[in-house]
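Residue numbers (our numbering), protein chains in the order written: chain W, 1 to 145; chain F, 1 to 145; chain H, 1 to 76; chain X, 1 to 76.
Where hints are given, some of them may not hold.
[What the hints assert, rightly or not] Stretch by stretch, here's where chain F covers chain X in the computed footprint (C-beta under 8 angstroms, at least three residues): (1) 1 to 12; (2) 15 to 23; (3) 62 to 72.
To be clear, the hints were calculated from the coordinates, so they are not data collected in a lab.
A virtual CB, placed ideally from N, CA and C, is assigned to each residue, including glycine.
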Amino acid sequence: MAVRLFNHAFDPWTLVRERERRLPLEGFGACAVFAGRMRDFNEDQDVRALFLEHYPGMTEREMERIVAEAESRWPSITCEVAHRVGAVEPAETLVLVAVWSAHRVAARDACSEILERLKHEAPFWKRERLADGSQRWVEKNTPGH
Amino acid sequence: MAVRLFNHAFDPWTLVRERERRLPLEGFGACAVFAGRMRDFNEDQDVRALFLEHYPGMTEREMERIVAEAESRWPSITCEVAHRVGAVEPAETLVLVAVWSAHRVAARDACSEILERLKHEAPFWKRERLADGSQRWVEKNTPGH
Amino acid sequence: MTITVQYFANLREDIGRDRDEVTVTGEVQTVGDLWRHLHGAPPARLMAAVNQTHARLDTPVADGDEVAFFPPVTGG
Amino acid sequence: MTITVQYFANLREDIGRDRDEVTVTGEVQTVGDLWRHLHGAPPARLMAAVNQTHARLDTPVADGDEVAFFPPVTGG
Numbered sequence: 001m002a003v004r005l006f007n008h009a010f011d012p013w014t015l016v017r018e019r020e021r022r023l024p025l026e027g028f029g030a031c032a033v034f035a036g037r038m039r040d041f042n043e044d045q046d047v048r049a050l051f052l053e054h055y056p057g058m059t060e061r062e063m064e065r066i067v068a069e070a071e072s073r074w075p076s077i078t079c080e081v082a083h084r085v086g087a088v089e090p091a092e093t094l095v096l097v098a099v100w101s102a103h104r105v106a107a108r109d110a111c112s113e114i115l116e117r118l119k120h121e122a123p124f125w126k127r128e129r130l131a132d133g134s135q136r137w138v139e140k141n142t143p144g145h
Numbered sequence: 001m002a003v004r005l006f007n008h009a010f011d012p013w014t015l016v017r018e019r020e021r022r023l024p025l026e027g028f029g030a031c032a033v034f035a036g037r038m039r040d041f042n043e044d045q046d047v048r049a050l051f052l053e054h055y056p057g058m059t060e061r062e063m064e065r066i067v068a069e070a071e072s073r074w075p076s077i078t079c080e081v082a083h084r085v086g087a088v089e090p091a092e093t094l095v096l097v098a099v100w101s102a103h104r105v106a107a108r109d110a111c112s113e114i115l116e117r118l119k120h121e122a123p124f125w126k127r128e129r130l131a132d133g134s135q136r137w138v139e140k141n142t143p144g145h
Numbered sequence: 001m002t003i004t005v006q007y008f009a010n011l012r013e014d015i016g017r018d019r020d021e022v023t024v025t026g027e028v029q030t031v032g033d034l035w036r037h038l039h040g041a042p043p044a045r046l047m048a049a050v051n052q053t054h055a056r057l058d059t060p061v062a063d064g065d066e067v068a069f070f071p072p073v074t075g076g
Numbered sequence: 001m002t003i004t005v006q007y008f009a010n011l012r013e014d015i016g017r018d019r020d021e022v023t024v025t026g027e028v029q030t031v032g033d034l035w036r037h038l039h040g041a042p043p044a045r046l047m048a049a050v051n052q053t054h055a056r057l058d059t060p061v062a063d064g065d066e067v068a069f070f071p072p073v074t075g076g
């Protein structure tokens with residue numbers, strides 16, 4: 001398991017590739033990845049910037065708990081999870097969930113499950129700055145199941 | 001849509017990153033990727049090498065048809081699909097399916113659907129070389145749904 | 001007992017500060033009691049954590065606890 | 001009519017060649033007729049394509065077609 005918070009832009013594919021350099025890939029036939037980026041629209045309005053508030057300490061604990069519970073439910077998997085905090089510009093990566101497994105079903109299911117739990121359990125809050133300069137807190141995530 | 005066959009090793013994350021350079025990422029908030037690699041085992045036996053036979057012409061047509069049908073079912077997506085042919089060593093990538101969309105559900109569902117259809121409809125056949133030097137054709141794919 | 005209370009996101013903005021250090025009597029036994037003691041009726045969809053673990057309004061609180069209140073999370 | 005027939009994977013190995021160029025009479029009207037004309041009873045799970053599109057044993061064949069026979073596919 002590797003869980004990371006970034007307060008600056010990061011490239012998800014570099015993280016994935018670096019993690020793979022340390023994995024015995026002959027045993028991990030499947031890799032499922034989800035990368036979420038900041039869009040420049042939400043609920044029909046232009047969004048110019050995003051601030052991701054979090055709860056230092058609890059956020060890391062929650063991310064580790066979520067990944068540990070997935071690794072317990074799917075024992076064959078190994079994971080790399082990263083999340084952005086602080087000020088974010090459009091197109092920058094907000095979240096990365098990468099899961100390796102011997103088989104595709106476990107990789108895919110665990111990747112989805114970790115992402116959904118991150119969105120609903122890890123203490124992050126998005127504040128959007130709109131085109132007219134006003135700010136608003138995102139009230140809830142879109143359903144993913 | 002981009003569909004590619006490689007007769008040599010390729011790095012899936014480089015393909016994904018290069019495709020993203022040409023996408024307006026502000027509009028594509030979600031990216032779901034599956035990368036499948038050659039394992040060094042199958043059905044409890046050590047596998048030393050793999051040969052991927054294909055049907056030149058029909059393989060490309062089938063890959064394009066499968067991706068076009070996904071892009072028709074989920075109009076918001078854009079895809080990058082690559083598949084290996086010929087002689088493959090353990091840990092090399094066999095298949096890459098990357099799907100970008102505004103929202104995570106479409107990206108994830110389309111990525112799964114394209115992968116499953118590639119496995120069951122595109123004309124590829126795997127021949128494995130085992131530790132004792134014998135060869136065998138893989139008879140069927142493991143179920144993924 | 002003494003409890004550290006933290007607020008996040010729009011709750012922090014609405015309350016106007018990011019934390020309270022409070023000393024309460026035995027009448028405050030749960031997370032919900034603590035909120036009512038400080039702010040009255042809890043808002044809909046109020047979330048809470050005790051010592052950085054998700055909690056409910058009926059979760060007990062003890063001396064020295066770190067309690068946090070926040071709206072539904074929106075990461076990912 | 002003249003038909004190009006291709007074989008893949010273990011079918012190619014079992015038959016011992018990768019293609020046949022055949023001229024058949026009007027009695028061969030379908031993909032299944034063509035296999036029976038060349039090789040007798042079709043094996044279980046035989047797959048086929050006509051002009052590089054998936055076909056069934058009852059798919060008609062026509063002069064100039066490219067017909068392929070192969071086992072279940074195992075890519076991905």
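(request) Hint by hint, work out which the structure violates, then give me just those numbers in ascending order. (result) 2
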